[in-house]
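Protein chains in written order, with this note's numbering: chain A, 1 to 549; chain B, 1 to 341; chain C, 1 to 284.
Among the hints, erroneous ones may be present.
To be verified - Covered by chain B, per the in silico footprint, the following chain A stretches (three or more residues, Cβ under 8 Å):
1. 251 to 262
2. 370 to 383
To be verified - Only pairs whose alpha carbons sit at most 20 Å apart, straight line, appear in this in silico EDC-like list of lysine to aspartate or glutamate:
3. A:K368 to A:E388
4. C:K48 to A:E249
5. A:K548 to A:E69
6. B:K208 to A:D291
7. A:K263 to B:E182
8. A:K429 to C:D45
9. B:K55 to A:E214
10. A:K78 to B:E53
11. C:K48 to A:D236
12. A:K232 to B:E103
13. B:K169 to A:D405
14. B:K56 to A:D171
15. B:K94 to A:E215
Bear in mind the hints are in silico, worked out from the structure with no lab data behind them. Computed from a prediction, not measured in an experiment: that's the story for all the values here. Note that the Cβ used here is the ideal one computed from N, Cα and C, for glycine as well.
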Amino acid sequence: MYKSFHGVGKIVAIVSIIIALIIGLIAGYFVSLSLAPPSLSTVTVAQATVTTTSVKTITVTSTVGVAPERIVIGVTDKVSDIDPANAYDFYTWEVLTNIMGGLMRYTPGTTELEPGLAISYTVSPDGKEYTFKLRPNLYFADGKKVTAHDVVRSIKRVMKINGDPAWLVTDFVEDVVALDDYTVKFILIEPVSYFPALVATPPYFPVHPAYKPEEIDSDQTAGGVGPYKIVKWVRDVELVLEANPYWWEGAPKTKQIVVRFYKDATSLRLALEAGEIDVAWRTLRPTDIQDLKGKAGIKVIEVPGAFIRYIIFNTRIPPFDNELVRKALAAAINRKAICDKIFLGTVEPLYSMIPKGMWSHKESFLEKYGEYNVELAKTLLRQAGYSETNKLKIELWYTPTHYGDTEVDVAMLIKEAWEGTGIIEVELKSAEWTTYLDYTRKGLLGASLYGWYPDYIDPDDYTSPWVNTSWTGYAYSNPRLMDILREARTKPTIEERTRLYEQAQDIWAEDAAIVPLFQGKLTIATKEGIEGVILDPVMLFRYWLIYKT
Amino acid sequence: MTSLKVFIIARAIALIPTILILVTLVFFIMRVLPGDPVIAIVGMKAPMERVVELKKELGLIDENGNEIPLIVQYVNYLMKLVQGDLGRSLIWGKRPVVVEIMEHLPATIELAIAGFLVSLLIGMTLGTIGAGIGGKVNSAVRVYSAVAYALFIPWIGMMLQLVFSVGLKIFPVGGRIGVGLEPPTYTGLYILDSLISGKIDSFISSLKHITLPAVTLGLVISGVFSRVTRVSVEEILKQDFVVAARARGLPEYRIMLHVLKNSFIPILTMMGLQLALLMTGAVLTETTFSWPGMGTFLLERIQYRDYTTVQGTVIFFAIIVSVMNLIVDVCYAYIDPRIRY
Amino acid sequence: MYTFRPILRRMVLKMPLTTIGIVGLSMILFVVFMAVFADFLAPYDPTKSVGLSLQPPSPEHLFGTNKIGQDMWSRTVYGARTMLIVVALSTILSMIIGVPLGLISGYVGGLLDRISTTIMDSIYAFPSLILAIAIAAALGPGIINTAISIAVVYIPTYFRMVRAQTLNVKNQLYVEAAVAIGAKPSSILSRYIFPNVISVVTAVFTLSVADIVLTEAALSFFGLSVPAPTPDWGFDLRAGQPYLVSGYWWLVTFPGLMIIMLAVGFTFLGESVSEYLGLREVGI
Numbered sequence: 001m002y003k004s005f006h007g008v009g010k011i012v013a014i015v016s017i018i019i020a021l022i023i024g025l026i027a028g029y030f031v032s033l034s035l036a037p038p039s040l041s042t043v044t045v046a047q048a049t050v051t052t053t054s055v056k057t058i059t060v061t062s063t064v065g066v067a068p069e070r071i072v073i074g075v076t077d078k079v080s081d082i083d084p085a086n087a088y089d090f091y092t093w094e095v096l097t098n099i100m101g102g103l104m105r106y107t108p109g110t111t112e113l114e115p116g117l118a119i120s121y122t123v124s125p126d127g128k129e130y131t132f133k134l135r136p137n138l139y140f141a142d143g144k145k146v147t148a149h150d151v152v153r154s155i156k157r158v159m160k161i162n163g164d165p166a167w168l169v170t171d172f173v174e175d176v177v178a179l180d181d182y183t184v185k186f187i188l189i190e191p192v193s194y195f196p197a198l199v200a201t202p203p204y205f206p207v208h209p210a211y212k213p214e215e216i217d218s219d220q221t222a223g224g225v226g227p228y229k230i231v232k233w234v235r236d237v238e239l240v241l242e243a244n245p246y247w248w249e250g251a252p253k254t255k256q257i258v259v260r261f262y263k264d265a266t267s268l269r270l271a272l273e274a275g276e277i278d279v280a281w282r283t284l285r286p287t288d289i290q291d292l293k294g295k296a297g298i299k300v301i302e303v304p305g306a307f308i309r310y311i312i313f314n315t316r317i318p319p320f321d322n323e324l325v326r327k328a329l330a331a332a333i334n335r336k337a338i339c340d341k342i343f344l345g346t347v348e349p350l351y352s353m354i355p356k357g358m359w360s361h362k363e364s365f366l367e368k369y370g371e372y373n374v375e376l377a378k379t380l381l382r383q384a385g386y387s388e389t390n391k392l393k394i395e396l397w398y399t400p401t402h403y404g405d406t407e408v409d410v411a412m413l414i415k416e417a418w419e420g421t422g423i424i425e426v427e428l429k430s431a432e433w434t435t436y437l438d439y440t441r442k443g444l445l446g447a448s449l450y451g452w453y454p455d456y457i458d459p460d461d462y463t464s465p466w467v468n469t470s471w472t473g474y475a476y477s478n479p480r481l482m483d484i485l486r487e488a489r490t491k492p493t494i495e496e497r498t499r500l501y502e503q504a505q506d507i508w509a510e511d512a513a514i515v516p517l518f519q520g521k522l523t524i525a526t527k528e529g530i531e532g533v534i535l536d537p538v539m540l541f542r543y544w545l546i547y548k549t
Numbered sequence: 001m002t003s004l005k006v007f008i009i010a011r012a013i014a015l016i017p018t019i020l021i022l023v024t025l026v027f028f029i030m031r032v033l034p035g036d037p038v039i040a041i042v043g044m045k046a047p048m049e050r051v052v053e054l055k056k057e058l059g060l061i062d063e064n065g066n067e068i069p070l071i072v073q074y075v076n077y078l079m080k081l082v083q084g085d086l087g088r089s090l091i092w093g094k095r096p097v098v099v100e101i102m103e104h105l106p107a108t109i110e111l112a113i114a115g116f117l118v119s120l121l122i123g124m125t126l127g128t129i130g131a132g133i134g135g136k137v138n139s140a141v142r143v144y145s146a147v148a149y150a151l152f153i154p155w156i157g158m159m160l161q162l163v164f165s166v167g168l169k170i171f172p173v174g175g176r177i178g179v180g181l182e183p184p185t186y187t188g189l190y191i192l193d194s195l196i197s198g199k200i201d202s203f204i205s206s207l208k209h210i211t212l213p214a215v216t217l218g219l220v221i222s223g224v225f226s227r228v229t230r231v232s233v234e235e236i237l238k239q240d241f242v243v244a245a246r247a248r249g250l251p252e253y254r255i256m257l258h259v260l261k262n263s264f265i266p267i268l269t270m271m272g273l274q275l276a277l278l279m280t281g282a283v284l285t286e287t288t289f290s291w292p293g294m295g296t297f298l299l300e301r302i303q304y305r306d307y308t309t310v311q312g313t314v315i316f317f318a319i320i321v322s323v324m325n326l327i328v329d330v331c332y333a334y335i336d337p338r339i340r341y
Numbered sequence: 001m002y003t004f005r006p007i008l009r010r011m012v013l014k015m016p017l018t019t020i021g022i023v024g025l026s027m028i029l030f031v032v033f034m035a036v037f038a039d040f041l042a043p044y045d046p047t048k049s050v051g052l053s054l055q056p057p058s059p060e061h062l063f064g065t066n067k068i069g070q071d072m073w074s075r076t077v078y079g080a081r082t083m084l085i086v087v088a089l090s091t092i093l094s095m096i097i098g099v100p101l102g103l104i105s106g107y108v109g110g111l112l113d114r115i116s117t118t119i120m121d122s123i124y125a126f127p128s129l130i131l132a133i134a135i136a137a138a139l140g141p142g143i144i145n146t147a148i149s150i151a152v153v154y155i156p157t158y159f160r161m162v163r164a165q166t167l168n169v170k171n172q173l174y175v176e177a178a179v180a181i182g183a184k185p186s187s188i189l190s191r192y193i194f195p196n197v198i199s200v201v202t203a204v205f206t207l208s209v210a211d212i213v214l215t216e217a218a219l220s221f222f223g224l225s226v227p228a229p230t231p232d233w234g235f236d237l238r239a240g241q242p243y244l245v246s247g248y249w250w251l252v253t254f255p256g257l258m259i260i261m262l263a264v265g266f267t268f269l270g271e272s273v274s275e276y277l278g279l280r281e282v283g284i
């Protein structure tokens, strides 16, 4: 019956030809586009020129002649609150560092502190009073003069709002007063030798009066006293920074910085390859980094970072209450395999909680247990009464997304390393970040994987937070260690403190309750011709130092 | 027309229990979540007082620190919902959930429309070809319908990425538009907005970005349309008026136009039924191509246990699907009065 | 159970399998074979790193290795087991709840029927995957939890079809006659109505299994299904995606093909079964 229906075939043929034509036209158009990339790049350049000419009102005393360029930086991070009273994540701190500044700051490329908005400071003999002298020529990005009262107002605001990072102020500072327009005095609860390092953190940054005085101001773009000011802010899409003409150090080398927010590392990498961005910053995947290293026109810069990963054994839960078990597990960790297999050498093994590159770092775990010392582990386990027939059965917890999608691999390799002794049986358990933290706080997890980004660059931030603290569920406490750490905190000289921290690290390794795994290197990939990328263990990328050649 | 009005009102009223049931379901599912959402917000280094403070803020405990019963929380939530308030996000600026949803909705709508058009194009063409030619071709189209439906979106998406993005470098791997090319917002749909504002480079960029996701989504849904088209064209070809028309010597293409016109009602019916499939498909497509729509948004917030946002987004999906179903029903009733029972 | 046997026998024995049906069935059997004989087919432990990382397919590692050196062939084979267990569990769960509820609701009628219909219709109209995601996220990872979250979504499918069929049969003369002579509701349900429902259940089953397979794959693709290092196709697909641009094609190709093969197999089978049972293709 259908066969007699010739017309159908004809119509079908016409329809399909039309569709094929349309598809062909579209495809041809795109192919021609992809064959002629110059036309697209001219578009971008043209735009760049337009945006820079529109900034002509700014009077600059530039240090490097004319730098009409803008630099586009891509990240996969998120910005939480552009408010130092509540921001407490790595990337937001970086943004804050570029649009604001503290009384003290780190000298780029080092962990040394230098005066920032302050010219100098003095400490009272009892170590409880710090007096900072401000620079006379400080202005907010809109030209408003900055005085000591702004510093006091901002810090009091942080204390009042009591947001997530507020403890960096409230745990140490009893009061802050302005002695005159250019002098700020902090009165501390007890002497803290690393107080200048605390003053370099965002909660101490003076902010513009436009910030709501008593509540968190998440999308406030007024900023503080920094090299850049925000001119455009679209959450999760784009952040545009422009040089602050009033910055005390003179205008930064690049007038405009654009930060693009990508959903995943793959898009970030491809954006760099396609030339959409000049700099690919946090966080590229290890395999992508390896690929990019071989590409022409792309520079890969590696700098040791100061974020560390470690395992917590809760000493209140059997069998981890047994020191022999903890020591055996610490000895049977295959750190090198984790670093090479999963991270392709972008991270390095860590044998102390205090990372490599920081003063007082001592590889106590390596001295005591060696690297993947299966024999030692077996001996210790036998001493504890375990054997091939009576295996040690434990659970290892990890959280699947918070530390990146490689976390499950880390857990699997540790499981394998432990089971390699033949005396241990490991079950992997996972929980999403919230649940994970909750369980940890309640002291339910025997062995769990954690990571740490520093708040301030001082060995104290890599030791004290784990000893007898509630967030770990009091997993680890040692009265002698606590005494040493308390003493180290108040001693004024680095020599004395180093001696104490070395002792602390030895005790730490002996107890083997919190076991370091590896420390992260940071990797940044840029186009050829981007200079001034200075990274250091503080890990915050300073946009004001980069420029195009 | 009065009976149509009555029909619309009756249907709209019937919508209320549906939405209420889904809201209830989602609300209680979210409360089963293990772990303390509050701790995730304040982070691991925060002191306990901050946790308590935030719980108060979220309406989980009252001024004296006693827990508010779940049922009271539920009623409070409903009261706010009626006013169009879905609460505030727990992370990143703690913004109203409604605002966040509205930021991500246009991307999903754009993708859904594009995918839908692609699927209609593929589906109707193949369906007509199958029914028209018959025989082996018809069977092939039938097999195609079955296979297309069972294709796993992320996999198809990845294969397209492998060929067209990684290999041929014609289309971008993901995202919605190139750097700095966002057109000014009129509708939120980049393709339309860039046309309205006359930014040709934005238009090209958004078109390039949407191609692979739309083809992926369209391919999978096209199975359903090719099937419906094939079956209904087949049916209609058997009907008397076709035979009669041909006997009168009407040109064949005009006959075919009649046939297609008549087969449009079943296709329209199918379009309504495919809304849920379209949403499901959009979620998968979005995550594969990091398309910044509702799907990626929902899954991202699930990872962060931002439960007010997850709850709000799922409820929003429920409402939108219910309302769309209502609109589709009303359309049928308008086209075919017999439906107004 | 008198009326029961001929229907079953007719369905199983006399079903004329079309070409499509045979192709579908053999695809399914292939996967089932993999799952059953996984211990013999897989040369390595799927949860252990047994080779160098990211090796392309070779005689030692048929499907290559992933980033931590697990054998992808072994993971693919054992993945079949995970998938089929979840599919079986969730199907049984949704049937156990959906079928009796549909029977009772359709037979008893009244307020109960209206309430349960409204609830089921609401769930049915909702995009299934989004609801499954919400439930799976709430329950946490695990085979049972995944099965539950999928089952919840498919209960309404069984419920609706069974209820409709029950309503249909309830008004048949012979059922009315049975009621007239005083048969107990329980015996009417089991002896007169249930047998008539079986064919509908079979059709719904064959047509929904493909959906269940895809839903499971999607959930594990989102990382909401089984915990690592359990071999699972969707999980492997997700894990391999970042490596695609670097050219490690084997990480995503094989798990994806398996998911599609199983889903296509069930769709084909469903197609041929529903055609045989006289349910129009468009109907469901």
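Cross-check of the supplied hints:
no., hint, verdict
1, 251 to 262, "holds (count 3)"
2, 370 to 383, "violated (count 0)"
3, A:K368 to A:E388, "violated, 25 Å"
4, C:K48 to A:E249, "violated, 56 Å"
5, A:K548 to A:E69, "holds, 7 Å"
6, B:K208 to A:D291, "violated, 25 Å"
7, A:K263 to B:E182, "holds, 16 Å"
8, A:K429 to C:D45, "holds, 19 Å"
9, B:K55 to A:E214, "holds, 19 Å"
10, A:K78 to B:E53, "violated, 25 Å"
11, C:K48 to A:D236, "violated, 38 Å"
12, A:K232 to B:E103, "holds, 17 Å"
13, B:K169 to A:D405, "violated, 26 Å"
14, B:K56 to A:D171, "violated, 23 Å"
15, B:K94 to A:E215, "holds, 12 Å"
Of the numbered hints given earlier, the model fails hints 2, 3, 4, 6, 10, 11, 13 and 14; all others are met.
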